[in-house]
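Colleague: Residue strings, one per chain:
Protein chains: 4
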Amino acid sequence: MSDKKIKRIGVLTGGGDCPGLNAVIRAVVKTAINKYDLEVIGYQDGFGGLIKNMALKLDVAAVSGILPRGGTILGTTNRDNPFKYPVMQDGKRVYVDKSDEILTNLREHEIDALVVIGGDGSLSIAREFWDKGFPVVGVPKTIDNDLSATDVTFGFDTALVTATEAIDKLHTTAESHHRVMVLEVMGRYAGWIALHSGIAGGADAILIPEIPYQIDNVCNKVKERLARGKKFSIVVVAEGAKPLGGEMVVQKIIEDSADPIRLGGIGNLTAKQLELCSELETRVTVLGHLQRGGSPTPFDRLLGTRYGAHAVHILMEKKFGEMVCLRGTEIKSVPIVDAVKELRRVPPDGDVVRAAKSVGISFGDE
Amino acid sequence: MSDKKIKRIGVLTGGGDCPGLNAVIRAVVKTAINKYDLEVIGYQDGFGGLIKNMALKLDVAAVSGILPRGGTILGTTNRDNPFKYPVMQDGKRVYVDKSDEILTNLREHEIDALVVIGGDGSLSIAREFWDKGFPVVGVPKTIDNDLSATDVTFGFDTALVTATEAIDKLHTTAESHHRVMVLEVMGRYAGWIALHSGIAGGADAILIPEIPYQIDNVCNKVKERLARGKKFSIVVVAEGAKPLGGEMVVQKIIEDSADPIRLGGIGNLTAKQLELCSELETRVTVLGHLQRGGSPTPFDRLLGTRYGAHAVHILMEKKFGEMVCLRGTEIKSVPIVDAVKELRRVPPDGDVVRAAKSVGISFGDE
Amino acid sequence: MSDKKIKRIGVLTGGGDCPGLNAVIRAVVKTAINKYDLEVIGYQDGFGGLIKNMALKLDVAAVSGILPRGGTILGTTNRDNPFKYPVMQDGKRVYVDKSDEILTNLREHEIDALVVIGGDGSLSIAREFWDKGFPVVGVPKTIDNDLSATDVTFGFDTALVTATEAIDKLHTTAESHHRVMVLEVMGRYAGWIALHSGIAGGADAILIPEIPYQIDNVCNKVKERLARGKKFSIVVVAEGAKPLGGEMVVQKIIEDSADPIRLGGIGNLTAKQLELCSELETRVTVLGHLQRGGSPTPFDRLLGTRYGAHAVHILMEKKFGEMVCLRGTEIKSVPIVDAVKELRRVPPDGDVVRAAKSVGISFGDE
Amino acid sequence: MSDKKIKRIGVLTGGGDCPGLNAVIRAVVKTAINKYDLEVIGYQDGFGGLIKNMALKLDVAAVSGILPRGGTILGTTNRDNPFKYPVMQDGKRVYVDKSDEILTNLREHEIDALVVIGGDGSLSIAREFWDKGFPVVGVPKTIDNDLSATDVTFGFDTALVTATEAIDKLHTTAESHHRVMVLEVMGRYAGWIALHSGIAGGADAILIPEIPYQIDNVCNKVKERLARGKKFSIVVVAEGAKPLGGEMVVQKIIEDSADPIRLGGIGNLTAKQLELCSELETRVTVLGHLQRGGSPTPFDRLLGTRYGAHAVHILMEKKFGEMVCLRGTEIKSVPIVDAVKELRRVPPDGDVVRAAKSVGISFGDE
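Protein chains in written order, with my numbering: chain A, 1 to 366; chain B, 1 to 366; chain C, 1 to 366; chain D, 1 to 366.
These are computed hints drawn from the structure, not numbers from a lab.
Pairs involving identical chains hold if they fit within one copy or between any two copies, as the list cannot separate such chains.
Cut-off 20 Å, straight-line C-alpha distance, at most; resulting in silico cross-link-like pairs (PhoX-like, lysine-lysine):
#, residue 1, residue 2
1, Lys52, Lys231
2, Lys35, Lys357
3, Lys357, Lys332
4, Lys319, Lys332
5, Lys35, Lys5
6, Lys230, Lys52
7, Lys272, Lys231
8, Lys318, Lys132
9, Lys98, Lys84
10, Lys7, Lys319
11, Lys98, Lys52
12, Lys332, Lys318
13, Lys52, Lys84
Between the sequences and the hints, there should be enough to build the whole structure, so can you do that?
Modeller: Pasting the structure below:
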């Protein structure tokens, strides 16, 4: 199959939305058409669009004006794994493999290759299609910046700006009212957003999954500031922060919360604990979905454009099963299979954490 | 007393912080010194600073560079009413009147008049001091824009920008993921922030205290959009929105919440109800303290500067017991007693609500 | 004619572009369709589109997503007066009256009324059509905020934000390098942008058309700051600022400039003069077209929406020959003929200039 | 000397100001005091402060709140090379070597080492001091991002945001008015700002020093867009862009300009040429000093903090004569002597230019 001349390609976006997706789509479409004279078909709502064959032709006009826009014009979803697709059978939900159906479909529509833009879930699915012989290239997407094969992913810089602006805003209230302000940001397994925004926003403590913390150490930081006349503190907490000896407390909070739209588990807990120990008024803000939205920063628009253009270049070079990545200042590509093996997590002894500690930020570990 | 030449004045900020407070303080200090050759004393942490005599001299250098900064360099607090000051007596909390003590103190320190920057609580206290004969002028402050005597208050425009940016950000996620996004904003008694940001952000429904709503009407709006192929909706809810027939539900939610740092009562409720009725994924964001923070917009810096300068002008004209206000394009002044009588609430039949309904926004009332 | 039931209306945007135009167009279209079941035709590129009959049908989908976007989806132009339309005759340019041709055309296409969004030029043309009996309503547009019939026009707030951000940026360089920074902003006949941004940005001097200045007074301000240890100054100059005794100098600069794309006449002059007199390094920045661009602020989106909705309301009430306006907190309407009679200029003794002088800003007049 | 225990260090900022300088200063001070118990002396206005011994003690309070602020609290200057310091002798300007005087002074004040934050000029001077035996470490600073030893420098990201926002703003006017908009940005020898902002802003042509251009090729791009119905174009020009066969024209423009505050040489030229060839109205904007100003982006605050902390770490490790740098995701250090040898220029065949061409951007070279 891979000797066939490529004439028509498909593109889809999977997983949570992320600023910069439209920059990637635009670059894929423009590069495919301008440089290689290909046709481009967009599949809607991630792999769901492949399954249900929701396709639309993308020409240059279709991607005009989308560069500065957040979200994805193709739609996306966190569900719909074609290899484990849920269907109802005899009143029960069972999972079926739709991949062969999709392959038949793709061949019928003369799609010669797919560009899959997505996180480790979507990229793993992409790799499975390549394992079955269908030409695929990947573009990594994770707002948490936690993919090991690439230095940076698009969307992260925009999320960082949103989180840092939030800290800047909380600062003035904290200072005016002599309060502890807790900000909960994204980061279930990796604390990059908390770490970078916390340093950039001048936080006093940063709590991340990679560095389990004792709340007493954070309290001491707040009290030590009070002793120096600083009657306020800013604490940034990743949603996956790990309280030592506090696992049960967090677990209980989550269980107590009958609420399916739970808000701010760890942020709330931290705020309550700090109010108790510091005797300062404490408030919590959960940034939530704001972190995924908005017009991408120039950095993310540029990175998305470089990724999208390069994805088509490697596709034409038949580097199937690979995904594009940033290494230093250059765009390269690596096998998807290597890229999704492990998370890129904050090294507790790396220079960023060291710099943060040097300027006096507590991670609650000492 | 009011025949005395004014030589030294005090200034304080009371109530919740608000972008533009520093612009007012700066204008008060610069006008007092440049134009009238006065001395200015700043009292810290609202009326608490008067009670505890926490005073600092403010010269031009002290206010240099504060114009673009959020918060208040004087500190503020929502507590500390000098006429009902809580003290412990025989193990019980009792409330005492500290006003005479303060007056003695002010006279001892030769403070000839006070500029009080605050909301209706602080302004009422200011008026009580003037009732007791101490010269006071007021500067109105409310981020909710709900003071009846003035067209606009500083801080509101900045809050509006923060809320509208949030809606802009939620829009892209809502659209990409086919979700209903609910944003809860400030506004316990007046829905100005929800109304203005909802229109500016292109919301599909806006729920405010002044227009009680039936959730079914909001559901119908979401479903009607779905029927037109718009697989997402944005709903902005003021924290004081009034569900018709739903009072008990809201009451129960509040009671169930043992949590003193409760998050998103009405926002959460609305999200759950809309998810049930629309079968779209629904998410809620509670903007909270972010609305009070940040660098004031040019509008708020200008309005704060005009208020501060004018407050000193009317003080020198001995218009005591008055507060400055904006009427149309001009700064004027009115007796505080008239200004704090009633809230400025959204008129349900005013041109803003009418315009919102004209462009298709639902208020849940029909 | 005016007894006829209105079924189809036209809309066009004329003059320089302005943030908020799309909000007006969107509100016109949605109000006309949702509330009154009208058809809406958009004419492209201002009155040029009427002359050349470049029309497109505007439905709700056509205005989806345009609220936060700058510019105008209809296009615009500063030329093309239908009453004095330039054509070539016998090798010479002559001006002809195309208005009857347009009226015939409008009637042929069954356009029952026009909404004209424009500045005093476009509104005067609109009024002439109404004088000839064709139903027209107006929406005022001027980024300079200089229309006398309305308190504020949309676009001004966005321009103000752009200008103030520029001052904020120049501040840090001025301070770090001990320089005088001159910023030239729009305002040929009225100095509103310079005045408001200058106050909001903390400028040291503001030069506007309404208050002729002596450059020596500005120099003295810079030197007086130097004497107090402030080794930098920020000067905001409206492009139409009036140097006393310097008319000839300005005239000469303009004549010397053979360059059709002339940059920064008065800004350059001021910078050179201040460098000479203060012996501080001086730099000039000409903000130019940046002031017209960008996503409208929430204030401008809201005002545009209110204007657009109200324009259709008064159109249906057959208040032809009128334009919408903001008075205090309410949208009203006035005869166009009254509105374009005189410019709204900065009153040199109004409270804004007084506040500016109170905080120490020089206008070069004393 | 280098066996001596380090107890007191000096820090200075040299060259043009740059967003992030304060983040570096803050990290230097906090790291020195918190981690190593050093004293820190700040020298004002670059090497001028060393020559004139303008020093101030920097404690933690001195750097409180400076993280989000542009500029440098220490002041800076482009002049004052201590090895070639201009003095007047017998009515003539001669250059003298002040370095020994400075060394004596530094030793008298018991300064054990210097942290020099600056561009290639300042770093070369720093290296000369180390050549003379005085312990120095460097922190690279260039808003143009053109230092070869480091992947990125702080300030560049902020400049990029300013330039991209400008392009975003010009876009709406260009589109509404059917104009060609030319934006001149910084970049005398390296076109990074033009390249990155041009891609991020969706420019149609980018002209940079590294890729000499024929104006005819740019004209063709504009005309080709016109032919496709795109009646506007955006052109980003670095101030050092190289017109082929046009050197004389540019030279003449510069000579004609008697004006010491010259504005927009190459931008103006390009605008005039494009107006002639495309017959579209064309406007030019010169971004100038706005690019150096403003609050640093989170990226720049973080990078500045990492640089500042690491500079003190390598100083304590006695890696004198070295400067910190970013390589991939890590902060390292390299000998200054290697770092200032050559400029980091845009590789015409690198992946960024390739991506730009893939999405249809013209560089005027073909």
